[in-house]
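*Asks:* In my numbering, the protein residues as written are 1 to 329.
Please note that the accuracy of each hint is not assured.
Unchecked claim - SDA-like mimics (lysine to any residue), calculated; alpha carbons at most 25 Å apart, straight line: (1) K289 to K176; (2) K48 to R96; (3) K121 to V155; (4) K318 to E287; (5) K176 to I93.
As the list claims (entries may be wrong) - For each label pair, taking beta carbons as the anchor points, the in silico distance ranges come out as: (6) F141 to K40: 41 to 47 Å; (7) I200 to L129: 29 to 35 Å; (8) P80 to F270: 34 to 40 Å.
No lab work stands behind these hints, which were simulated from the structure alone. Everything numeric in this text was worked out from a predicted model, so none of it was measured. We put the beta carbon where it would ideally sit given N, CA and C, even for glycine.
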Amino acid sequence: MVCCFYAKHNVLHCCQKVQFWFHLTRAPSSTCLETHRLYKQKLEEVSKLQDSCSNAIARQRKKLKELTVSLEECKETPSPEEMNAINGIQGSIKDRPNVFFEMESFLPKKNGFAYKDEYEKFKLVLTVLLLVFSFTCRFVFSYRALDALFNFLLVWYYCTLTIRESILISNGSRIKGWWVFHHYVFCFLSGVMLTWPEGILYQMFRNQFLTYCLYQSFVQFLQYYYQSGCLYRLRALGESHNMDLTVEGFQSWMWRGLTFLLPFLFFGHFWQLYNGLTLFRMAQLPECKEWQVFMCGCSYLVLFMGNFSTTLGVVYHKYIHNQDKSKSL
1 MVCCFYAKHN
11 VLHCCQKVQF
21 WFHLTRAPSS
31 TCLETHRLYK
41 QKLEEVSKLQ
51 DSCSNAIARQ
61 RKKLKELTVS
71 LEECKETPSP
81 EEMNAINGIQ
91 GSIKDRPNVF
101 FEMESFLPKK
111 NGFAYKDEYE
121 KFKLVLTVLL
131 LVFSFTCRFV
141 FSYRALDALF
151 NFLLVWYYCT
161 LTIRESILIS
171 NGSRIKGWWV
181 FHHYVFCFLS
191 GVMLTWPEGI
201 LYQMFRNQFL
211 TYCLYQSFVQ
221 FLQYYYQSGC
231 LYRLRALGES
241 HNMDLTVEGF
251 QSWMWRGLTF
261 LLPFLFFGHF
271 WQLYNGLTLF
281 RMAQLPECKE
291 WQVFMCGCSY
301 LVLFMGNFST
311 TLGVVYHKYI
321 HNQDKSKSL
């Protein structure tokens, strides 16, 4: 009797499963198939709108270029009224590229956003790795081979950053020219450090260099953490461009909410100056035979001047802008 009961129960259970399958396959238009069909339809509409918008921007650019040429021709013999009208039109034309730039940031462009996210993740992972590596070299192990591996990692990291940033700039990211050049200089500096042979002078500068690298990685991690949050907030408010990136320095969009990072940045800049002066003093020692000492000193001096002047320029520009804004109110 028990066996018959279980057999009937299994048959009933199987029948329910079969009925459920027929219900899934013969369901009305509210099924996932209908949802997928609607999704493809909307996707085609969005793709057409994207193409239409891209073509409209291209046509506008072409017409504005032709109009600019025509206005230059009209400037040859204009009356004062015509000259004022031409100047007004040219002023309006200058603002149009910024409008097109913002419009294009919302259009698909060679997977720019996905590549930007990968770039940010790459920077975060390597920053943490360099932080741990520099701490290990400074306080745990003191081997020249390990130092060479650390410098090789720095060379590879900054070479990769420059390549990725070039691609991102072509995709619409706005990065100050100095911060790109800064990576070239640091790549060169790391390469010179890699070739610096073991000796008294290398050991004299080693701890100072590794401590600086440790501090720099810490500041870069702070910048990434707070800049990411700041960018997300500004994008939500419509006050930041979608392809803006986290950078090692200070840019104008960071003024709101990230000014507390400025002391850390300026301290790092003056540490670069201190490194450069230390190396120049070492280069004057009688036992100094390595060319790497002077080259590293020059590199640190270039880094200090570029970083300090660029950061100071951004701060000054924002200060003047805020002063003018307060006066207008």
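*Asks:* Each hint should be assessed against the structure and marked as holding or not.
*Replies:* Going down the list of hints, with the structure as the test:
1. A distance of roughly 37 Å separates the Cα atoms of K289 and K176; the hinted pair therefore is violated under the 25 Å criterion.
2. For the proposed pair K48 and R96, the alpha carbon gap of about 24 Å is at most 25 Å, so the pair holds.
3. Proximity of K121 to V155 is assessed by CA-CA distance (about 18 Å); at most 25 Å being required, the pair is judged to hold.
4. At roughly 48 Å between alpha-carbon atoms, K318 and E287 are farther apart than 25 Å, so this suggested pair is violated.
5. A threshold of 25 Å between alpha carbons decides the hint, and for K176 with I93 the separation of about 24 Å falls inside it, so the pair holds.
6. F141 and K40 have their C-beta atoms about 58 Å apart, which leaves the hinted 41 to 47 Å range violated.
7. Taking 29 to 35 Å as the suggested C-beta distance range, the pair I200 and L129 conforms, at roughly 30 Å.
8. A beta carbon spacing of about 55 Å between P80 and F270 contradicts the range 34 to 40 Å that was offered as a hint.
Violated hints, listed in ascending order, are 1, 4, 6, 8; each of the other numbered hints is respected by the structure.
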